[in-house]
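2 protein chains.
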Amino acid sequence: MNDQFRSPAADTLHAARLDRLAEIAVRVGLGLKAGQEVVITAPIEALPLVRRITEHAYKAGSSLVTTLFSDEESTLLRFQHAKDDTFDNATGWLYDGMAAAYKSGAARLAIVGDDPSLLAKQDTDKVSRANRARSKAYRPALDLIVGFDINWTIVSAATPAWAKAVFPEVSEAVAVAKLWDAIFAASRADLDDPIGAWNTHNANLHARTKLLNAKSYATLHFRGPGTDLRVGLADDHEWNGGSSRAKNGVVCNANIPTEEVFTTPHKDRVDGFVRSTKPLSYQGTLIQDIEVKFENGRIVESRARTGEAVLNKVLETDEGSRRLGEVALVPNSSPISQSGLLFLNTLFDENASSHIALGQAYSKCIRNGGSMSEQELAAKGANTSLIHIDWMIGSSEVDVDGVTAEGEAEPLMRRGEWVTQ
Amino acid sequence: MNDQFRSPAADTLHAARLDRLAEIAVRVGLGLKAGQEVVITAPIEALPLVRRITEHAYKAGSSLVTTLFSDEESTLLRFQHAKDDTFDNATGWLYDGMAAAYKSGAARLAIVGDDPSLLAKQDTDKVSRANRARSKAYRPALDLIVGFDINWTIVSAATPAWAKAVFPEVSEAVAVAKLWDAIFAASRADLDDPIGAWNTHNANLHARTKLLNAKSYATLHFRGPGTDLRVGLADDHEWNGGSSRAKNGVVCNANIPTEEVFTTPHKDRVDGFVRSTKPLSYQGTLIQDIEVKFENGRIVESRARTGEAVLNKVLETDEGSRRLGEVALVPNSSPISQSGLLFLNTLFDENASSHIALGQAYSKCIRNGGSMSEQELAAKGANTSLIHIDWMIGSSEVDVDGVTAEGEAEPLMRRGEWVTQ
Ligand SMILES: [Zn+2]
Ligand SMILES: [Zn+2]
Ligand SMILES: [Zn+2]
Ligand SMILES: [Zn+2]
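In order, the protein sequences belong to chains A and B. Positions 10 to 430 (my numbering) are the ones given, in order, by the first sequence. Positions 10 to 430 (my numbering) are the ones given, in order, by the second sequence.
Source of the hints: derived by calculation from the structure; they are not laboratory data. As the structure is a computational prediction, the values presented were derived from the model and not from experiment. A few of these clues could be false.
Identical copies go unnamed one by one, so any copy, or any two together, can satisfy a pair.
Claimed, not checked - Simulated pairs of lysine-lysine, DSBU-like, Cα-Cα distance not exceeding 30 Å:
hint : residue 1 : residue 2
1    : 302       : 373
2    : 187       : 42
3    : 145       : 322
4    : 112       : 145
5    : 92        : 42
6    : 322       : 187
7    : 322       : 287
8    : 112       : 224
9    : 187       : 302
10   : 135       : 68
11   : 224       : 135
12   : 224       : 302
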C-alpha cells in the first residue's frame with residue numbers, strides 16, 4: 010500500500026468533516042454571538058481548520074476574527090540558540106493585548122495539537138524558567154478564561170508531530186489521517202447532524218450533574234485493582250459537565266470533546282490508595298502505573314513504573330500540588346475510551362476515563378464560587394496550586410459509590426458504567 | 010521539463026541563500042542588539058524564512074522573538090463572509106500590544122510577500138472602510154516605526170500568489186523559485202560575503218547623501234520623454250540613504266533591498282509635467298503611463314493609460330494627496346532595474362528607478378525634523394497626507410540637474426546614471 014495515496018473520495022470526506030468540526034467549534038464550542046470578536050490561537054499546521062473556523066465565525070456574525078499562530082520549531086530554536094540569561098522573558102505585551110480583547114467582549118478559541126515531547130530533550134531549568142515567566146505574563150488573560158468571564162473553547166487539530174507520537178508505527182501521512190479520524194469521531198464531527206448530537210449529549214450531561222447535585226454526596230468511594238480511595242467532596246460543591254453559561258451570558262462548551270461530569274474534592278478529606286489506569290503524558294515524559302497513598306487529603310507516598318522522578322518533581326511544585334483539585338466521572342463506554350487510543354493530550358485522555366487532578370480547583374465547582382475570595386474558597390475545601398494535572402483512575406474494573414453525609418453508600422458506577430442511565 | 014523538479018543542489022543553494030537573507034535581515038536590517046526583543050510580522054508562507062531569522066536573532070542575543078503570522082486567505086474570507094456592518098473594526102488590542110513592545114525596546118521586522126491583487130475583486134467600500142479602521146488602530150505603533158524611535162526593517166519572501174503575479178506564464182513552483190532568486194539577488198543574499206557587500210553599499214549611499222547635502226540644491230530638474238519637471242526641495246531638507254541611526258541608538262537598514270537616496274520636496278514648489286517610466290501596482294490595479302501636470306506643488310491635471318479612475322480616486326484622498334512627499338534618485342544601473350522585472354511591490358519597484366511619492370513626507374528628511382511639530386515641518390515645506398505612494402519617473406532616457414539657490418544648473422544624472430561616481 011502506498012502511504013502517500015489518498016483517494017479523491019477520502020479528501021472530500023476529510024474536507025466535509027473538517028468543515029463540520031469548524032461549525033461545532035463556532036456554534037457549540039463558542040456559542041458565538043453576532044457582533045462578537047474572536048481570538049484564535051493555533052499551531053501553524055492547523056491552518057486549514059483555522060480557515061474553516063474563520064468562515065463559520067464570519068457567517069455567524071463575528072465582527073473580526075484574528076488568529077495568533079504558533080510554530081513549535083521556532084519555540085525549539087529558542088531553547089537551542091537563545092542566551093542563557095533570556096529565559097525569564099515572556100511576551101507580556103501580547104498576553105496583555107489578549108486580555109484587553111477579552112475585556113472588550115472577544116471570545117477565545119484555542120486549537121491545540123502539541124507535540125507531546127517537543128521540549129523533552131531541552132534543558133529542564135530553561136524550560137521551567139520559560140514556563141514560569143509565561144504563566145505569570147499570561148495570568149491576567151487566563152483569569153478571564155478560567156473564571157468564565159467570556160465564552161471560550163478548546164478544539165484540536167492533528168499535527169504531524171502529535172500524530173507520529175500517537176501512531177509511531179505508521180508513516181506521517183497515515184498517522185495524521187488516523188489522528189484526524191479519531192478527532193472527528195471524538196468531537197462528533199463524523200455524524201450527519203453534529204449540532205443535534207451535541208445538543209443531545211449536553212442534555213445527557215446536564216441531567217447527570219442535576220442528579221448528582223441533588224444527591225450532594227459527602228464522599229466518592231473508588232474501588233478496583235490497586236485502588237481503594239475515598240474522595241471527600243468540598244462543602245457546597247457543584248457538579249458541572251457539558252455546556253455552561255459564561256459570565257457574559259453566552260452558553261459555550263469549553264472543551265471539544267467533553268465526556269466528563271466533574272466537581273471539587275475537599276482538599277483535606279481524601280484518604281486511601283489509588284492506581285492509575287492509563288499512562289499520563291506530562292511534558293514529554295510518559296508516567297505509567299502511578300500508585301499513591303493519601304492521608305487527610307495529602308499524598309504521603311508515591312511511585313510509578315516509569316517517570317517516577319518527574320512525578321515526584323511535580324508533587325514538589327507547591328503545597329497544593331500534593332492535593333486534589335478535581336474529581337471527574339466518565340463511563341468506560343465513552344467514545345474516546347472505546348477508541349482504545351492514548352492521545353497523549355489531556356483534552357482527549359481525561360475524557361476517556363474517570364479521573365482526578367492534582368492541584369488547582371475550579372471555583373465554578375463551588376456554589377457561588379465565582380464571586381468568592383480565595384480564602385472563602387479554601388474554607389469550602391477548594392485547593393490552590395500552580396498546577397492542574399489530570400490522571401486517569403477509571404476502567405471497566407473500577408466501581409464508584411456515592412456516600413451520603415449519613416454514611417450510606419449508593420452505587421454510582423459498576424465496572425466503569427453508570428448504574429442509572 | 011518537469012516544473013516540480015528541483016535538484017538536491019538547487020535545494021541546498023536555496024537553503025544557503027535563505028539563511029544568508031535571514032542573517033542580512035538580523036545584522037544589516039535590524040542591526041539587532043543583544044538583549045533586544047524582536048517582533049516579526051510575516052505571511053504564513055514565509056515560515057522557512059521566519060525560522061532562519063528566529064535562529065539568527067537568538068544567536069545575536071535576542072531576548073525573545075515573536076512572530077505574528079498573517080494569512081491572506083483568512084483576510085479574503087472576511088470580505089466574502091463578514092456582515093456589512095463589521096468593516097469598521099480593527100485589532101486595536103494587537104496593535105496596542107505591538108506599540109507596547111516597541112516602547113519597551115523591541116525591534117520590528119516585517120516580512121512582506123503580498124498578493125498584489127488579493128482584494129482587487131472585493132467591494133471597494135468594505136476595503137476602504139477596513140483600511141481606514143486599520144490605519145487608525147495601527148497609528149500609535151506605526152508612529153514609533155516611521156518616527157524611527159526603534160530599529161526596524163522590511164524584507165520580503167516569495168509567496169505563491171505574488172510569484173504568479175510577477176511570472177504569470179510559468180508554473181507556480183517555477184514562479185516561486187524565480188522570484189526567490191530575484192529577491193536574493195536584489196538583497197545581496199547571493200553573494201559570498203553579503204555583510205561585507207552591504208557595508209560597502211551603505212558607504213556608497215552615505216557618500217552620495219553627504220555630497221547632495223553639501224550642495225543643498227534648491228531644485229531638482231528632471232527631463233526626458235514626456236517629462237520636464239522642477240521639484241523644489243524643502244527648506245533645510247536632508248538627503249537620506251542606506252543605513253541610519255534610530256532614536257534608540259541602533260543603526261539599521263529599514264529596507265532590504267534599498268538603492269535610493271531620497272529627500273523631502275517642498276509641497277508648494279513643484280512645477281511642470283512628468284510621465285511615469287514603469288507601471289505602478291496599487292491595490293490590485295496596474296496604473297500605466299501616468300501623466301500629470303504640477304502647478305505650485307499641486308497636481309492640476311492627471312491621466313493614465315490604464316487605471317486612470319483609481320489614480321484619480323487616490324488623488325482625492327485629501328489635500329496632501331495631490332502634492333509630493335518624497336523625491337528619490339536611483340541609477341538605472343541598479344541591480345533591481347537591471348533585472349528588468351516589475352515586482353508589483355514598492356519595496357523593489359521604488360528601488361529600480363528615480364521616483365517621486367504622492368502624499369506624506371518623512372520628518373527625518375528635514376534637518377532636526379524628528380523633534381519638530383507638524384506646523385514647523387509644514388513651514389519648511391513638508392507635505393502631510395494619509396497616503397504615501399511612490400511611482401517611477403527615472404529611466405535611461407531621463408536626465409537630472411541640481412539647481413542651486415542662485416539658479417545655476419549642475420548635471421547630476423545623465424541618461425539615468427550618476428555623473429560623478
Ligand atoms: Zn476533568
Ligand atoms: Zn482537569
Ligand atoms: Zn523612496
Ligand atoms: Zn517612498
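Right, here's what the structure says about each hint:
1. 302 / 373: Only inside one copy: residue 302 and residue 373 sit 28 Å apart there, 70 Å across copies, limit 30 Å.
2. 187 / 42: Answer is neither: 33 Å inside a copy and 46 Å across each miss the 30 Å cutoff.
3. 145 / 322: within (20 Å within a copy, 50 Å between copies)
4. 112 / 145: Answer is both: 18 Å inside a copy and 20 Å across each meet the 30 Å cutoff.
5. 92 / 42: Only across copies: residue 92 and residue 42 sit 13 Å apart there, 45 Å inside one copy, limit 30 Å.
6. 322 / 187: neither (34 Å within a copy, 53 Å between copies)
7. 322 / 287: within (20 Å within a copy, 66 Å between copies)
8. 112 / 224: neither (37 Å within a copy, 56 Å between copies)
9. 187 / 302: For residue 187 and residue 302, neither the intra-copy (38 Å) nor the inter-copy (66 Å) Cα distance is at most 30 Å.
10. 135 / 68: Answer is between; shortest inter-copy Cα gap is 16 Å, intra-copy 43 Å.
11. 224 / 135: Cα proximity of residue 224 and residue 135: none, with 47 Å in one copy and 56 Å across.
12. 224 / 302: within (27 Å within a copy, 86 Å between copies)
Checked against the numbered hints given earlier, this structure breaks hints 2, 6, 8, 9, 11; the rest are met.
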